[in-house]
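Protein sequence lines, in the order shown, are assigned to chains A and B.
Start counting at 1 in the first sequence, then tack on 7, and there's your number in our numbering.
Start counting at 1 in the second sequence, then tack on 7, and there's your number in our numbering.
Any given hint could be a false lead.
[Unchecked claim] In silico DSS-like pairs for lysine-lysine, Cα to Cα no more than 30 angstroms straight-line:
| hint | chain 1 | residue 1 | chain 2 | residue 2 |
| --- | --- | --- | --- | --- |
| 1 | A | K112 | B | K143 |
| 2 | A | K119 | A | K156 |
| 3 | A | K119 | B | K42 |
| 4 | A | K42 | B | K127 |
| 5 | B | K156 | A | K91 |
| 6 | B | K91 | A | K156 |
| 7 | B | K29 | A | K143 |
| 8 | A | K10 | B | K143 |
| 9 | B | K312 | A | K10 |
| 10 | B | K91 | A | K91 |
| 11 | A | K29 | B | K127 |
| 12 | A | K29 | B | K112 |
| 13 | A | K112 | B | K42 |
| 14 | A | K29 | B | K143 |
| 15 | A | K143 | B | K143 |
| 16 | A | K29 | B | K119 |
| 17 | B | K10 | A | K143 |
[Said to hold, decoys possible] Quick list of the computed label-pair ranges, beta carbon to beta carbon:
| hint | chain 1 | residue 1 | chain 2 | residue 2 | range |
| --- | --- | --- | --- | --- | --- |
| 18 | B | D326 | A | G139 | 26 to 36 angstroms |
| 19 | A | M8 | B | F67 | 13 to 23 angstroms |
| 20 | B | K29 | A | D212 | 35 to 45 angstroms |
| 21 | B | Q311 | A | N298 | 52 to 62 angstroms |
By construction, these hints were calculated from the structure, which means they are not laboratory data.
Glycine is no exception: its CB is placed at the ideal position from the N, C-alpha and C atoms.
There are 2 protein chains.
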Amino acid sequence: MNKTITIAHGNGGAENHELISKIFYRHFHNEILEKSEDAALIEDGRLAFTTDSFTVSPLFFPGGDIGKLAVCGTCNDLAMMGAKPRYLTCSVIIEEGFATSELEKIVRSMQKELEINGAKIVSGDTKVVPRGSVDKLFINTTGIGEIAKPGISAHNLQEGMAIIVSRDVGAHGATIFAAREGIALESTLETDCTSLYPEVKALIDADVEIAAMRDATRGGVAAVLNEWASASEVCIEIEEEKIPVQEQVRGICELLGFEAVSLANEGTFVLAVAEEEASNALDIMKRHHENAEIIGTVTMEHPQKVLLNSSWGTKRFLDLPSGELLPRIC
Amino acid sequence: MNKTITIAHGNGGAENHELISKIFYRHFHNEILEKSEDAALIEDGRLAFTTDSFTVSPLFFPGGDIGKLAVCGTCNDLAMMGAKPRYLTCSVIIEEGFATSELEKIVRSMQKELEINGAKIVSGDTKVVPRGSVDKLFINTTGIGEIAKPGISAHNLQEGMAIIVSRDVGAHGATIFAAREGIALESTLETDCTSLYPEVKALIDADVEIAAMRDATRGGVAAVLNEWASASEVCIEIEEEKIPVQEQVRGICELLGFEAVSLANEGTFVLAVAEEEASNALDIMKRHHENAEIIGTVTMEHPQKVLLNSSWGTKRFLDLPSGELLPRIC
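Construct all of the structure, not just a fragment, from the sequences and the given hints.
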């Protein structure tokens, strides 16, 4: 490993995985941690438990703010494990001089989003640090959810399964980049940040046999697909033109030199289901977002790899994102 | 409330309470949160759940580091509710350029302390932010404990009960201050930072009827006693000369103009038990730290107040700490 930590170590991709496995997993080594995906399963698999710290900059952006993000992020990690979000803790680190009115706005956003999830903040912590020790405000939320649908896992993918995305990809990363750089978009582009539990509940209530489910946060859809391909030792083949991407997001991607599938989302998830379940799942998902789409299938073509098929008939591997992706997008 | 957040809002005393009640409790309002003390009780009171973010500066100090502190802090909050620490999450925010070797040292300290508590890190999060967005490294730990001894609460104090401190007070605050200011102490002063679960377990195993128990972190013993007096609507009378204080801590207090009872501790707790339980409890506590001492009793002299009796026969109120106490001590 590098002698110092770099921005790339927080990218949700290759370097991030290296840091986690070589430092944290190595020392904290235990069975629950090693099996944990979006959340750890505790209490005989009855509860899911997950944590996330939020450092997004700017704090307020089109379609959301750090408060909404902090509740969505943690509740979505629980929902992705098939769990109903129940109890959250909220720990804030505030820079001296921060406006009380902005803090209150953030807390109000949190409460609004908690209500959508039917979850509660039950414990908290507040630290104030001198000017310059933190950039404005960071929030940690840690959540406990009740498993409603057990067995969802990155290890479940099998040949023939369909891969569905819940909406167009990359809106959060593109929105934060534009807001931070002061790019005035003549557009309505806003973050996809949203609570996914209601949509997950609809899938569970309709008895969809969910094999794997993951929100495509840091590292985007590319990171999710690569982790699944690797965990299940399968190939995931994606039809590139099926991936829904908004026009404005495509524009920002060209500017940045990134692919939309590697940009972060905060309310977009990927689902793997058996082929015969796919159209039912898609119908339900389209009710929540009309851009939901079946984008590929699981094959044994190149195990542990993600293959992108273009409409020109060319093929290329989509790798786990690496390098300095946008920092502070969540 | 002030229009901006000040260092005083994070002091563990009066202004901190104002911020918590006027912003966080007001919007997050729910029964579990309002009843929560060092930790919230969830799952029909079977589990305790608590969070803490650590921003201490410097990261390494005599007797500990931020990693040890992050595990002790959260596990102690669980132990103080009579809970056995079980599962923790660990979320770190790292400044770009931080030395990997220092990160590893911190993670090792965490693991060592987890083993003392018999607890595990089961889920985590790693964020890297650009230089200047955070001062080196912050850690959040959030923990779940299993209630071994239910009913411990700040509301349980009754006339005649004895108040015991587990050791001399103020060592952590004094150590951090000295380390930060580069005061070379010709002494062995070090933080009291330690995991309290083993001592709590000894009290529970000996069937001590613990009424209230609280680790005296930010705001020190003064904050704990004031919160108890207020919650139980009693007066707590303390014999000032009984409060154990190390000579070096006294020296630093004179320098700072603070009282040792208002300085932060990270492995020192206050216990309230019935008079007839006091000597048994003290015997057990002295086995863990010879400086444990009965420092006062509960009376009805001035309800909701803490009274300090000096050896000269004078009396004064010990108030909830307020103003700009030392920031970044935890």
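A quick look at each hint next to the structure:
no. : hint                                : verdict
1   : A:K112 - B:K143                     : holds (28 angstroms)
2   : A:K119 - A:K156                     : holds (25 angstroms)
3   : A:K119 - B:K42                      : holds (22 angstroms)
4   : A:K42 - B:K127                      : holds (13 angstroms)
5   : B:K156 - A:K91                      : holds (29 angstroms)
6   : B:K91 - A:K156                      : holds (29 angstroms)
7   : B:K29 - A:K143                      : holds (20 angstroms)
8   : A:K10 - B:K143                      : holds (15 angstroms)
9   : B:K312 - A:K10                      : violated (54 angstroms)
10  : B:K91 - A:K91                       : holds (25 angstroms)
11  : A:K29 - B:K127                      : holds (18 angstroms)
12  : A:K29 - B:K112                      : holds (13 angstroms)
13  : A:K112 - B:K42                      : holds (25 angstroms)
14  : A:K29 - B:K143                      : holds (20 angstroms)
15  : A:K143 - B:K143                     : holds (15 angstroms)
16  : A:K29 - B:K119                      : holds (17 angstroms)
17  : B:K10 - A:K143                      : holds (15 angstroms)
18  : B:D326 - A:G139: 26 to 36 angstroms : holds (31 angstroms)
19  : A:M8 - B:F67: 13 to 23 angstroms    : holds (20 angstroms)
20  : B:K29 - A:D212: 35 to 45 angstroms  : holds (40 angstroms)
21  : B:Q311 - A:N298: 52 to 62 angstroms : holds (59 angstroms)
Of the hints listed earlier, the one the structure fails to meet is number 9.
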